[in-house]
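A.B. asks: Spelled out, the chains give:
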Amino acid sequence: MAGPPVSTHTPSDGPAPEGPSADQQRQMEQAYAQMKRKMAMQSLGKRIKHKIMVLSGKGGVGKSTVSTGLALALAQQGHRVGILDIDITGPNVPKMMGLDGRRLHVEEGRIHPAQGHLGVKVISMAFLLDDDDTPVVWRGPIKLGAIQQFIGDVEWGDLDYLVIDFPPGTSDEPLTVAQSLPDIDGMVIVTTPQDVALLDSRKSIGFAESLKVPVLGVVENMSGYTLHGRAPAGTEVQIAGPGGRTHTATADDDGSFHVTLDLFKQGGGAATAEEFGIPFLGALPFDPGFVRGGDDGVHRIVSDPEGASSVAFGKVVAAVQAQIGQASSTGLEIV
Amino acid sequence: MSEAMPTLTRLERRQVDLHLTYDDGSEFTVSYDDVRHACPCAKCAPSRNDDESSKLLRRQVEALPPVKPTVRTVGNYALTFEWEDGGCSSGIYRFERLWALANRQDPDGGKPYVHGAW
Numbered sequence: 012m013a014g015p016p017v018s019t020h021t022p023s024d025g026p027a028p029e030g031p032s033a034d035q036q037r038q039m040e041q042a043y044a045q046m047k048r049k050m051a052m053q054s055l056g057k058r059i060k061h062k063i064m065v066l067s068g069k070g071g072v073g074k075s076t077v078s079t080g081l082a083l084a085l086a087q088q089g090h091r092v093g094i095l096d097i098d099i100t101g102p103n104v105p106k107m108m109g110l111d112g113r114r115l116h117v118e119e120g121r122i123h124p125a126q127g128h129l130g131v132k133v134i135s136m137a138f139l140l141d142d143d144d145t146p147v148v149w150r151g152p153i154k155l156g157a158i159q160q161f162i163g164d165v166e167w168g169d170l171d172y173l174v175i176d177f178p179p180g181t182s183d184e185p186l187t188v189a190q191s192l193p194d195i196d197g198m199v200i201v202t203t204p205q206d207v208a209l210l211d212s213r214k215s216i217g218f219a220e221s222l223k224v225p226v227l228g229v230v231e232n233m234s235g236y237t238l239h240g241r242a243p244a245g246t247e248v249q250i251a252g253p254g255g256r257t258h259t260a261t262a263d264d265d266g267s268f269h270v271t272l273d274l275f276k277q278g279g280g281a282a283t284a285e286e287f288g289i290p291f292l293g294a295l296p297f298d299p300g301f302v303r304g305g306d307d308g309v310h311r312i313v314s315d316p317e318g319a320s321s322v323a324f325g326k327v328v329a330a331v332q333a334q335i336g337q338a339s340s341t342g343l344e345i346v
Numbered sequence: 064m065s066e067a068m069p070t071l072t073r074l075e076r077r078q079v080d081l082h083l084t085y086d087d088g089s090e091f092t093v094s095y096d097d098v099r100h101a102c103p104c105a106k107c108a109p110s111r112n113d114d115e116s117s118k119l120l121r122r123q124v125e126a127l128p129p130v131k132p133t134v135r136t137v138g139n140y141a142l143t144f145e146w147e148d149g150g151c152s153s154g155i156y157r158f159e160r161l162w163a164l165a166n167r168q169d170p171d172g173g174k175p176y177v178h179g180a181w
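Heads up: the protein sequence lines correspond to chains V and R, in order. Read in order, the letters of the first sequence correspond to residues 12 to 346 in my numbering. Read in order, the letters of the second sequence correspond to residues 64 to 181 in my numbering.
Honestly, I wouldn't trust all of these hints.
Where chain V lies over chain R, by a calculated footprint (3+ residues, C-beta under 8 Å) [as the list claims (entries may be wrong)]: (1) 71-81; (2) 165-177.
Far from chain R, some chain V residues (derived; all Cβ distances over 12 Å) [as the list claims (entries may be wrong)]: (3) Gly101; (4) Gly112; (5) Pro193; (6) Val309.
Dumping the calculated DSS-like pairs for lysine-lysine here, alpha-carbon to alpha-carbon at most 27 Å [what the hints assert, rightly or not]: (7) Lys47/V <-> Lys131/R; (8) Lys223/V <-> Lys174/R; (9) Lys326/V <-> Lys106/V; (10) Lys223/V <-> Lys69/V; (11) Lys57/V <-> Lys47/V; (12) Lys154/V <-> Lys106/V; (13) Lys154/V <-> Lys69/V; (14) Lys223/V <-> Lys106/R; (15) Lys60/V <-> Lys49/V; (16) Lys326/V <-> Lys69/V; (17) Lys214/V <-> Lys174/R; (18) Lys49/V <-> Lys131/R; (19) Lys154/V <-> Lys214/V; (20) Lys131/R <-> Lys57/V; (21) Lys131/R <-> Lys106/R; (22) Lys154/V <-> Lys47/V; (23) Lys49/V <-> Lys223/V; (24) Lys154/V <-> Lys60/V; (25) Lys154/V <-> Lys49/V; (26) Lys47/V <-> Lys106/R; (27) Lys154/V <-> Lys106/R; (28) Lys223/V <-> Lys57/V; (29) Lys118/R <-> Lys174/R; (30) Lys57/V <-> Lys214/V; (31) Lys118/R <-> Lys131/R; (32) Lys49/V <-> Lys106/R; (33) Lys106/V <-> Lys47/V.
To be clear, the hints were calculated from the coordinates, so they are not data collected in a lab. From a predicted model like this one, the values you see are computed outputs, not experimental measurements. By construction, the Cβ of each residue, glycine as well, lies at the ideal position given by its N, Cα and C atoms.
Assemble the whole structure, with the sequences as input and the hints as a guide.
C.D. replies: Take a look at the structure:
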């Protein structure tokens, strides 16, 4: 054998040098993505000035309506607003914001939010579902991963307010957000005036305390339904309301009268707020326009900016802003 | 305990310990060994349930080199410590836990760890 004394081999012949296996490669990529996400979450604290969580103990009290209402009312004031719909299994913010069927735009691994009415940026699980009827059947850890992606991988840009809409209750979702997002200004708790809803909102208040997230206050939704009618001027009109109560109204000189019926009860939200020593942010009337608006994708605030509901929302937003002005974050200096 | 707890305003990472300053003016030092030994994660916490395994955890912690951890806030209610030397970095330390450590009290409040009991 007259071969050269020193073997000369190119990388193509013989066994390749030990590189990471496909599995290790994937793990490294995952770890890198996780690290990038953590850093992005930290920087989010600086780029988004105020973060508001909207919660309720009970379902069906109108959290999404209040969240979208808050976002739109803030946008009306000229603020840059985003809304994060964390309700993974029942996302409905996009429908209310007229973004039904829209897809999200992904660029260089960053998710770009869709823009709804008044330029409000929206992120929701609904954008990722193939059709409206597909259920999301996920256990906690997968949900947790999705939420962290929604927080860390979304390119929100600079925002004045981020409103976060949660599913009802005090489970994984608000816990994950409270752990992932730095400097949350506080929680707005939505309730309706009946006892069951109030009982559940008390749990939300306890939950906020255990997470050290300030409670900005309680909003009472579906607070009363105002009937408008006409009768000859000066006529006294009697209306049988819920609970056997009779409401009396007198038609004014123009011949119009109005009566506000308490469909559930009255003043429960204010009473709960007082009991826990937290602010009462205001009451929102029962307005069928919200239902129509929600289904048609045109929020009441957009379609009727001067209406009673918009005025009520304006008051709630002013109360929230007053609270945020007073709220303080941890303010911890780490050196 | 949490009723009377002051707010942590400053946390200084020194060579072998943390220097904590609270808003009522009180100051404390907590060694990194104590912090690591009091890790509340589901892997470390059960080790403190009985004396023998707790001592073993203590010895394992003390065998680790003294490194400054990376400290991050968790929401408004807790901190995490990331140790570059591979020591457990999973625990979420509520401010109450740090306050207990600062005051040389049992951070677990004398309660054994039970999985899923939180």
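A.B. asks: Output the indices of the hints that this structure fails to meet, ascending.
C.D. replies: 2, 5, 30 and 33
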